[in-house]
Amino acid sequence: MKILVCISKAPDTTAKIAFTDNNTQFDTNGVQFIINPYDEWYALVKGLEIKEAQGGSVTVINVGKADNDPTIRKALAIGADDAVRIDAEPTDALYTAKQIAKYAKENNFDLVLCGKETIDYNGSQVGGMIAAILDQPFISNASKMEMDGNKATVQRDIQGGKEVIEVETPFVLSAAKGMAEARIPNMRGIMAARTKPLNVIEPAEAENATEIVSYELPPAKGDCKYIDADNAAELLELLRNEAKVI
Amino acid sequence: MADRFQAPDYYQIDDLLTEEHKLIRNTVREWVKKEVSPIIEDYAQKAEYPIQLNKGIAELGGFGPYIPTEYGGAGLDQISYGLIMQELERGDSGIRSAASVQSSLVMYPIYQYGNEEQRKKYLPKLASGEWVGSFGLTEPDHGSNPGGMITNFKDKGDHYLLNGAKMWITNSPICDVAVVWAKNEEGRIHGLVVERGMEGFTTPETHGKWSLRASRTGELVFDNVKVPKENLLPNKSGLGAPLGCLDSARYGIAWGAIGAAMDCYDSALRYSKERIQFDRPIASYQLVQKKLAEMLTEITKAQLLVWRLGQLKNEGKATTQQISMAKRNNVDMALKIAREARQIHGGMGITGEYPIMRHMMNLESVITYEGTHDIHLLITGMDITGISAFRVD
Numbered sequence: 000m001k002i003l004v005c006i007s008k009a010p011d012t013t014a015k016i017a018f019t020d021n022n023t024q025f026d027t028n029g030v031q032f033i034i035n036p037y038d039e040w041y042a043l044v045k046g047l048e049i050k051e052a053q054g055g056s057v058t059v060i061n062v063g064k065a066d067n068d069p070t071i072r073k074a075l076a077i078g079a080d081d082a083v084r085i086d087a088e089p090t091d092a093l094y095t096a097k098q099i100a101k102y103a104k105e106n107n108f109d110l111v112l113c114g115k116e117t118i119d120y121n122g123s124q125v126g127g128m129i130a131a132i133l134d135q136p137f138i139s140n141a142s143k144m145e146m147d148g149n150k151a152t153v154q155r156d157i158q159g160g161k162e163v164i165e166v167e168t169p170f171v172l173s174a175a176k177g178m179a180e181a182r183i184p185n186m187r188g189i190m191a192a193r194t195k196p197l198n199v200i201e202p203a204e205a206e207n208a209t210e211i212v213s214y215e216l217p218p219a220k221g222d223c224k225y226i227d228a229d230n231a232a233e234l235l236e237l238l239r240n241e242a243k244v245i
Numbered sequence: 000m001a002d003r004f005q006a007p008d009y010y011q012i013d014d015l016l017t018e019e020h021k022l023i024r025n026t027v028r029e030w031v032k033k034e035v036s037p038i039i040e041d042y043a044q045k046a047e048y049p050i051q052l053n054k055g056i057a058e059l060g061g062f063g064p065y066i067p068t069e070y071g072g073a074g075l076d077q078i079s080y081g082l083i084m085q086e087l088e089r090g091d092s093g094i095r096s097a098a099s100v101q102s103s104l105v106m107y108p109i110y111q112y113g114n115e116e117q118r119k120k121y122l123p124k125l126a127s128g129e130w131v132g133s134f135g136l137t138e139p140d141h142g143s144n145p146g147g148m149i150t151n152f153k154d155k156g157d158h159y160l161l162n163g164a165k166m167w168i169t170n171s172p173i174c175d176v177a178v179v180w181a182k183n184e185e186g187r188i189h190g191l192v193v194e195r196g197m198e199g200f201t202t203p204e205t206h207g208k209w210s211l212r213a214s215r216t217g218e219l220v221f222d223n224v225k226v227p228k229e230n231l232l233p234n235k236s237g238l239g240a241p242l243g244c245l246d247s248a249r250y251g252i253a254w255g256a257i258g259a260a261m262d263c264y265d266s267a268l269r270y271s272k273e274r275i276q277f278d279r280p281i282a283s284y285q286l287v288q289k290k291l292a293e294m295l296t297e298i299t300k301a302q303l304l305v306w307r308l309g310q311l312k313n314e315g316k317a318t319t320q321q322i323s324m325a326k327r328n329n330v331d332m333a334l335k336i337a338r339e340a341r342q343i344h345g346g347m348g349i350t351g352e353y354p355i356m357r358h359m360m361n362l363e364s365v366i367t368y369e370g371t372h373d374i375h376l377l378i379t380g381m382d383i384t385g386i387s388a389f390r391v392d
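Residue numbers (numbering that gives the first Met the number 0), protein chains in the order written: chain C, 0 to 245; chain S, 0 to 392.
Careful: at least some of the hints might be erroneous.
With a straight-line cut-off of 30 Å between C-alpha atoms, the simulated DSSO-like cross-links for lysine-lysine are [what the hints assert, rightly or not]:
| # | chain 1 | residue 1 | chain 2 | residue 2 |
| --- | --- | --- | --- | --- |
| 1 | S | LYS124 | C | LYS195 |
| 2 | S | LYS32 | C | LYS8 |
| 3 | S | LYS21 | C | LYS176 |
| 4 | S | LYS153 | S | LYS228 |
| 5 | S | LYS32 | C | LYS176 |
| 6 | S | LYS228 | S | LYS182 |
| 7 | S | LYS235 | S | LYS120 |
On the chain C side, residues computed to face chain S include the following (Cβ under 10 Å) [as the list claims (entries may be wrong)]:
| # | residue |
| --- | --- |
| 8 | PHE18 |
| 9 | ILE33 |
| 10 | ALA76 |
| 11 | ARG187 |
| 12 | ALA192 |
| 13 | ILE226 |
FYI, nobody ran anything at the bench for these hints, they're computed from the structure.
We treat Cβ as the ideally placed atom computed from N, Cα and C, and that holds for glycine.
So here's chain S without its partners, still in its complex pose (with noise of 0.2 Å):
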């Protein structure tokens, strides 16, 4: 079916954005509804990720947008990189987790935190797509808490020895480089890159997803491997590094939610002008003008919500707190619209004739991965008073 999509914009945000935002923002709607539209469904049945798209992801700008063009990156604001996020999650979440991932969970650390030898080694080949990547933190024993991790690796005088495993890692069975944090003897946190190819690194694939099944997920698993010195990121060291990783990637999901929420939301006004019962359309009865409302509702105050997060960002003001914020109540806010839709379009919402349950279930994983909507709201709660509610010190 021809992807009829058109985004709401009830409050004229589009006249807070640039020409420019507008410009990069309606380019990737116009390739989502070219490129992955047509094919989301089918890769997403056969779970399968469409690889072939990286290069138009590439070469929208979408793996790395805020990094420098001398390194391959687009060198934009953070207001267009979250507009992309929000038209490839339009598309479908795994799309957008791909190049999230490849962003800001590898393209920055190595940015952020690397030397110039690791920027111009990696950052170009991931900008053009030609290698994947995959970020290693979350391990099976340690999800909300990582600064519990077993991971670790050993000076061996010229290498590191590298041993541990991660898990529920996006794009780890395709990826070519990881950046994986793992402590070293003083139990101090570190980055590291591993390559494919690299002797007792492996990558087995997670199978049986209901979510984000046009995304691979797998693990990483390092047994005894020896990493070459130079592939330790010198510049930052603790937790903080990966989680300033994740303050980026979360930013991006607070927008990316917004256009799986306005896929759904412009889904279900679309079906229920078209839907006849007891001889009206079913957009004519107050309990489905209920639901459109309160979608459209929602999402306008989301999208508020992230253009003024993005502008904090553009200012290097954004917290991580506030982040926090923003993306878990834009996952919420999408997956209960989902929920919504889905009940708007009856039967047919179940089947993949409609986007809905697609984006319903990606949405499951998108509130838990990247900090749980509970994690989040605990990280606003110690915001607000001072106290920490998950971690007993």
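One chain only, chain C, in its complex shape (with noise of 0.2 Å):
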């Protein structure tokens, strides 16, 4: 089973976020970055676990510059077999989203796998996106999954419940948590992962088909009020009129 697993890195959870220039760019300085937790704990241990399972490769893609490559070397530290950054910006979900597919389409996967979101932008775009340009079946915030040969049983998360489906491969899967079981890195893995190739190649002709106009912080939280437990009335009154929710 050949096997790509598309990675996006994102600001640790812990990061303190802003904007410059007029609330258009993200301020990256200081922050550390992470490879999407979706992307790593699901999709890229899950397409391990079926490698481990079957036989094949796993292989991780990236679009974004040269600063990502310790994060993708993470990636293989865990375990991939080789690694492919696509040298350019990931502007635009649709952009980024035909980098991977052509990339993809030259080299046959068996499956292509990613998180069901990033943790940053919750765009849930590029894996639907890819699934359309390789005109392949796309299974979305997938929670578990058993491979048969080349024969899928996986279940989703839906509103209120699960459902279960069938799919052969090739496919393209967005994967939630439930996927697999996080793993860290051992020794052996962050060494080997010096020598295992990690291709960067020039981007294909793309145009991004939005534009981020401007960012905005969710408002500061206020100052908590403290009323005495036995003063409901205040309570109601102050939810009535000063937080205007009933």
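Combine the two chains into a complex, taking the hints into account.
Written out as structure tokens, the structure is:
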């Protein structure tokens, strides 16, 4: 089974988020980047589990500049066989999907895995777009998958329950919590990652379909007001007239 | 309680590290959060070493990080070694001690002073965690003055006959092999590898410690132990041989202490922002801010100290005296931070809900073992004046 796992970088969940240039640029100063957890914990580890069960290979792919290499090396340390970085800023979902789809098409992968979303932009778009460009089925939000040869039984989270579907390779899948258990790399893996191939390729011609105009931070948290437990009337008054929620 | 640790890096010292350093550091940090933090309080309370962690420590390269890969080590540089020790001690000094002893006091002398057969026989099993090692230098009456040791061996033709006793030995009760320093008939110090099962070799445990409770400590007792001649480490003798091991271990401790300090600072910072007194978080009061600001200043200085020392070690230029200064400064810094953090936590600081008191008690050992706080000061004093103040020659 030839597996391609899409990995995106995302700010560490503890990073302080700020914007510059009149709220049009994300301020990366002092921000630590990690592999998007849905990509790492679920898509990548599931890819490795399939490889371990059936044989084959796991390639990770990232669209980004050279400063992404450390996050890509971590994916290699966890166990991916090789990596590809398409040397371009991933400024738009369609642009990014076109880059990955082109590589996937040229290299005939049986399975393309990605996380259900990135934890920064929450777009959930790239996987579906790759599938559309490749003319393959797209299984989103998958929380479980069992492979039998080229046939997969996939469980998806749907509103209020689960959906179980069957699909044959090739297909594209986005992984959600439950798909696999996160792996911590070991030293052997970290050392092996030094010499695993990380191929940098030039981007294909493609246009952005959308443009980010500005960012906005959520409003700052207000102060906590403490109300005496016996004073329900004051609580109701504040909820009605100040918070205006009832 | 979930481990919410966030490491302070006030001077962006991460920028001085390579990407591989950061990957190694973050990997060990993740592992400690997952494997150590949830259980360590319980093991410390029970006074047990969580030996099941040894496999994980081995997989992280924690046993012999800088020992070449052909002997099962991880083949890493000294800054990686330091970062691994920092993160392990962020979990608990007892876990770091186990890794320190195995790496610098057992594997290092076998690698540096042993022959090829000894390296091949012992190092891979120690690196994989299959074997636990211990190191015997200190004796009941010879701590700061190891050169006065009484433990000795006599040449009996086809073997050596070893007699004596060693004390305060980390992992002695569970060790499979011990690197033991003893005098020959001419009074010259040599290293011998003593294996569990050799007749006359016993390892009684030291009970009732208030410190390093999640680590086993004991004695190594040799009562006419017949040690095969091939177990003598042939390539170095004299007091310089065990002291060379201590240089390596003390270097790791200088990093490790920062881990304990960071954990105390991080916990105190979080607690001070959540704890409300007089209707405001205690972090809003000047005396608490003073404590926190001074903690972070000291941690930052310590981080820069070990980073530079790591560079010197990588270049083979770090001196014993430079290592003494870093060990002394950083352990003292960590202990003071633990005590201040304990105050910020108020009464909660004495409970096992927070790591503070455990770190504080652990550090009381760390400030004494591997060269006491005072002796390290005198090493610096001797280095700058040329006059020994702890030994009358």
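Hint by hint, here is what the structure shows:
For a cut-off of 30 Å, the pair hint linking S/LYS124 to C/LYS195 stands: about 27 Å separates their Cα positions. Proximity of S/LYS32 to C/LYS8 is assessed by CA-CA distance (about 22 Å); at most 30 Å being required, the pair is judged to hold. Restraint check for S/LYS21 and C/LYS176: satisfied, since their Cα atoms lie roughly 26 Å apart, inside the 30 Å limit. Of the pairs offered as hints, the one joining S/LYS153 and S/LYS228 holds, with about 11 Å between alpha carbons and a cut-off of 30 Å not exceeded.
Distance restraint check for S/LYS32 and C/LYS176: the Cα-Cα separation of roughly 20 Å lies within the 30 Å cut-off, and the hinted pair is therefore satisfied. A threshold of 30 Å between alpha carbons decides the hint, and for S/LYS228 with S/LYS182 the separation of about 15 Å falls inside it, so the pair holds. With a CA separation close to 19 Å, the supplied pair S/LYS235 and S/LYS120 stays within the 30 Å bound. Hint status for C/PHE18 relative to chain S: violated, with the closest Cβ pair at about 20 Å, above 10 Å.
Because the beta carbon of C/ILE33 sits about 8 Å from the nearest beta carbon in chain S, less than 10 Å, this interface hint is met. With a least beta-carbon distance of about 6 Å to chain S, the hint placing C/ALA76 at the interface is held under the 10 Å criterion. Restraint check, C/ARG187 versus chain S: the minimum CB separation of about 7 Å is within 10 Å; hint holds. For C/ALA192, the interface hint holds, since its Cβ comes within 10 Å of a Cβ in chain S; the closest pair sits about 8 Å apart.
At about 14 Å, the closest approach between the beta carbon of C/ILE226 and any beta carbon in chain S exceeds 10 Å, and the interface hint on this residue is violated.
Consistency with the previously given hints fails for numbers 8, 13, ordered from lowest to highest.
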